[in-house]
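Based on the sequences and whatever the hints tell you, model everything.
Line by line, the protein sequences give chains C and S. What the first sequence shows, in full-length UniProt numbering, is residues 1 to 549, in sequence order. What the second sequence shows, in full-length UniProt numbering, is residues 1 to 549, in sequence order.
Treat the hints with care, since some could be wrong.
Copies of the same chain look alike in the list, so a pair counts if it fits in one copy or across any two.
Stated by the list, open to error - Taking lysine to aspartate or glutamate and the EDC-like style, the derived pairs with C-alpha atoms no more than 16 Å apart in a straight line are:
| id | residue 1 | residue 2 |
| --- | --- | --- |
| 1 | LYS443 | ASP371 |
| 2 | LYS340 | ASP219 |
| 3 | LYS488 | ASP530 |
| 4 | LYS419 | ASP373 |
The set of hints was computed from the structure by calculation and includes no laboratory data. Fair warning: this is a prediction, and the values are worked out from it, not measured in the lab.
There are 2 protein chains.
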Amino acid sequence: MATDLTLRPFFWRATNLFPEKEVVSRTHQGQTRYTYGEFGERVRRLASALEALGVESGDRVGTLGWNHHRHFEAYYAAPLMGAQLHTVNLLLHDDHVEHIVTDAADDVLLVDPDAVDTVERLWDAFDSVEAVVVMGDEDAVPDSDSDSDADLPIYGYESLLDDHDPVDSWPGVDEDAPAGMCYTSGTTGKPKGVEYTQKMIYSHAMMAATPAAQNVDEDDVVMPVVPMFHVNAWEFPYTVTLAGAKPVFPGPSPDSEDLVRLIEEEGVTLTAGVPTVWIDLLDYLDEHGGDLSSLERIIVGGSAAPRQVMRRFEDEYGVKMEHAWGMTETMSIGSMSRPKSTMDLDGDGESYEVRSKQGLLSPGLEMKVVDDDGEEVPWDGESFGELYVRGPTVVDEYFERPEANETDFEDDEGGRWLKTGDVVTVDENGYIEIVDRAKDVIKSGGEWISSIELENELMGHEDVVEAAVVSVSHERWQERPLACVVRKEGTDVDAEDLREFLADDYPKWWLPDNVLFIEEVPKTATGKFDKKQLREDIEDPDLPYTPGE
Amino acid sequence: MATDLTLRPFFWRATNLFPEKEVVSRTHQGQTRYTYGEFGERVRRLASALEALGVESGDRVGTLGWNHHRHFEAYYAAPLMGAQLHTVNLLLHDDHVEHIVTDAADDVLLVDPDAVDTVERLWDAFDSVEAVVVMGDEDAVPDSDSDSDADLPIYGYESLLDDHDPVDSWPGVDEDAPAGMCYTSGTTGKPKGVEYTQKMIYSHAMMAATPAAQNVDEDDVVMPVVPMFHVNAWEFPYTVTLAGAKPVFPGPSPDSEDLVRLIEEEGVTLTAGVPTVWIDLLDYLDEHGGDLSSLERIIVGGSAAPRQVMRRFEDEYGVKMEHAWGMTETMSIGSMSRPKSTMDLDGDGESYEVRSKQGLLSPGLEMKVVDDDGEEVPWDGESFGELYVRGPTVVDEYFERPEANETDFEDDEGGRWLKTGDVVTVDENGYIEIVDRAKDVIKSGGEWISSIELENELMGHEDVVEAAVVSVSHERWQERPLACVVRKEGTDVDAEDLREFLADDYPKWWLPDNVLFIEEVPKTATGKFDKKQLREDIEDPDLPYTPGE
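Here's what the structure looks like:
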């Protein structure tokens, strides 16, 4: 019955119903502005060019790129021609990039000028890759007679587009054809790939556009700061298109100045990214000022934004921060936290408490929270368990990872659950709150201690910049918490101060057995605390305190 | 890949995340108010009861019911158990009801108290039906030893629910399983059935919830006046559930007083229905007054609302009327008309002009407009053609109607087009405007005359209540327009007056060759002008005027 769920109608809608609407893009060479009409023409040329480079239906087009219009064009050209867009994180170390490109066996790579070096270094390992296209102006393409050892079959994006006529029409593509691919950030083991079919992207983008999720309308001006190599930039390239909204792509490694300028100049109404971006932005605004009057909402994901930051954006700039939760495996957005209209929240404290959670599961999904014995835990805001989710926008396998596919999923008659690895509570109102990653939770004497809860509390201390809490092994209690804290410059808060600070709100046995003061918490390429690295770094710490004392 | 697209997560979301949210329902016996939590329990009991009545996966559960909570329960119970909900229009004449129930071979019927008579009259023809359940309180169920000839296996809805425990879990249901069924209103020939799969309803409801379409959010209070026997009540029973919005069901044949009371008492923010409902409501408000302050939007479909009515709602009550277009074959909403943010509309006249059109095609769909030779017509706001649409929410066949399936669809490499039968123009901005039904368009001397345009213009005359324009055969010009007009009581406007009135805006050859003054325009069961009947009624009219004079 009915037509397949593919990306073609999204492209159709933006290019036919909103051909005059602007697409804005900051690039390596400056700022570009064109219309959805021109976008459509360039997508058709790109498809034609990729075809000439040998890309066929079913092939993989890898990208190493920032958020800009050329990358946006690839988001459509590859899937519309029946190929698969594989976005690779260009911030990863060489060995991860090598693993990801060779594991996926990409056929063609579209890379930003600042990723050409990476490709040249790794070229010998890239057996599957038949062509490399540099997503920049012509002067960004290395000379073929450069002194580089690698003899790359390298092309300039713009001359490829100039040389090829737009395709006339799109082939019929099956809704189950893989259209996207992404690798998990991989804080444990090697990054694992997941594939998104046409149907999954269609379904997720439509869901993401609803008021319950991103709530993207035609009059929105949307600036995705979340990188396009990161879970389809939380689907914004697709939601803006289906909605006919104006996208603003902030380009290569945008800093706070770039972001403020784009908000001011383009009238951005909605933006999205991880908390650090917005913390930095506040600092910038404190120093330089800026006009955020057009901005209505910031969607925050990846990790939780400090409550103080949410408050400041709202009180000082009239901008609502909205918490979202999601994973590569859920195609980004899987929950959003907004108070329900039926809630009787007295004062804004309660409102922030609700909004600081990960929120209500998005439409189209189902969830359950299970303890170590596989039993569902009650929704009481206290009982911990691992979050399981399923739905048409949740992957049901990793790419060629039979072991992970055994351990990370569970079937029942209603379908396949993804075990998210997030340890959560759910309150009486159905709001999810992540208390830990399953692998980071501390099990002390049979009881769980949430490392994330301790971290958030510590980061609420005025002299603390960053805090990460990890488990260290303990003869009697199996595991005990250790806090690693970055002090604010010029302050001298000590371990006992912080233990006392925590003692107001937590039982004694939750208090860290020591606090190490460090220069910086190591981070993954996506900006999350890298606790695996941290645990390696600290190895055998001194534990002067004992639980309960 | 991933879980199938079924209705289960919508049910999960409303009953688990919004168990405290109210569901309000006006019934034959008074007003009911309960929560989504109780709704969930009752849906599970209904599924259990239907199972006991022999309903299996794949069976059809027919309904003859108004908009109330029991009907809403059936909207979920049947599909969740893998059966198919077949909504039958209880306002149809017996022969149509008989055709529809026997054509679909419904297994069980859920009927409103005021439809029991219909079922008794037609019982002998209903070979497939094994049980009849009366959707009312117990006193609405006829005695089994009544003097009726028909010995119906008849059950009371409430006692069935009391007698059956809720089902524990839902079976896995395939996304391609038929979940809904509806018959076209059938102004030509016998009503034709269309089937909606789980996947189609999931996709359409998600699309309908987006800001580009119905824009339903959690804090909305939604009153679908459009009947639940009419294209899934434009999907509102599903969009409210997935959004967690509060539904208000206005019950059996609600009048304006009922609607105003429900808006006032329940704080309705969004309602939807055909134009006549809102015209009547304005009359009621003029006479009795009423408080519409909670109401933000009225979505209007079925036919176009007069511009004067749109203006009055907006100017006097602050309520926005939004035009939607859709068909049984497109699962309702297929376009919505709101001005684009990029439009520079000077004064509200231009805004109303845009908003009076059928608007922009909804996300997920594609369209083209073709002339008699199958060539696409330009988007110039003037060129006419038949609207073709396709997408995952457009049916690609009629139920067991091989001839219609030959004529009403057209395949190309991108999928199957539905020929809508609507003759439209599309303007430079992509806004669709219906100028006629293909079968009603008047072809005079090789030129098209839009009957709808003439009707709308005539209905703008102060002394005209209703106007329908039909073609009559003409020796020289093949077809000529004839206007059938209902005069306002106590006025004596005549044919020459109306021709002069039209002459201001239309070429002479568009002017009707006569105007017949009639008591009422015959209507179909869904309230549309029944031009087939009208043409039969007038047969051989006098034509005193000739084109061009």
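Hint by hint, here is what the structure shows:
1. For a Cα distance limit of 16 Å, the shortest separation of LYS443 from ASP371 inside one copy, 13 Å, qualifies, whereas the shortest one across copies, 72 Å, does not.
2. Taking the shortest Cα distances, LYS340 and ASP219 sit within 16 Å of each other only across copies (7 Å), while inside one copy they are farther apart (25 Å).
3. Taking CA atoms no more than 16 Å apart as the test, LYS488 paired with ASP530 passes in neither setting, with 20 Å inside one copy and 78 Å between copies.
4. For the identical chains of this complex, LYS419 and ASP373 are intra-copy neighbours only, at 14 Å inside a copy versus 56 Å across copies, given an alpha-carbon limit of 16 Å.
Of the numbered hints stated above, the single one contradicted by the structure is hint 3.
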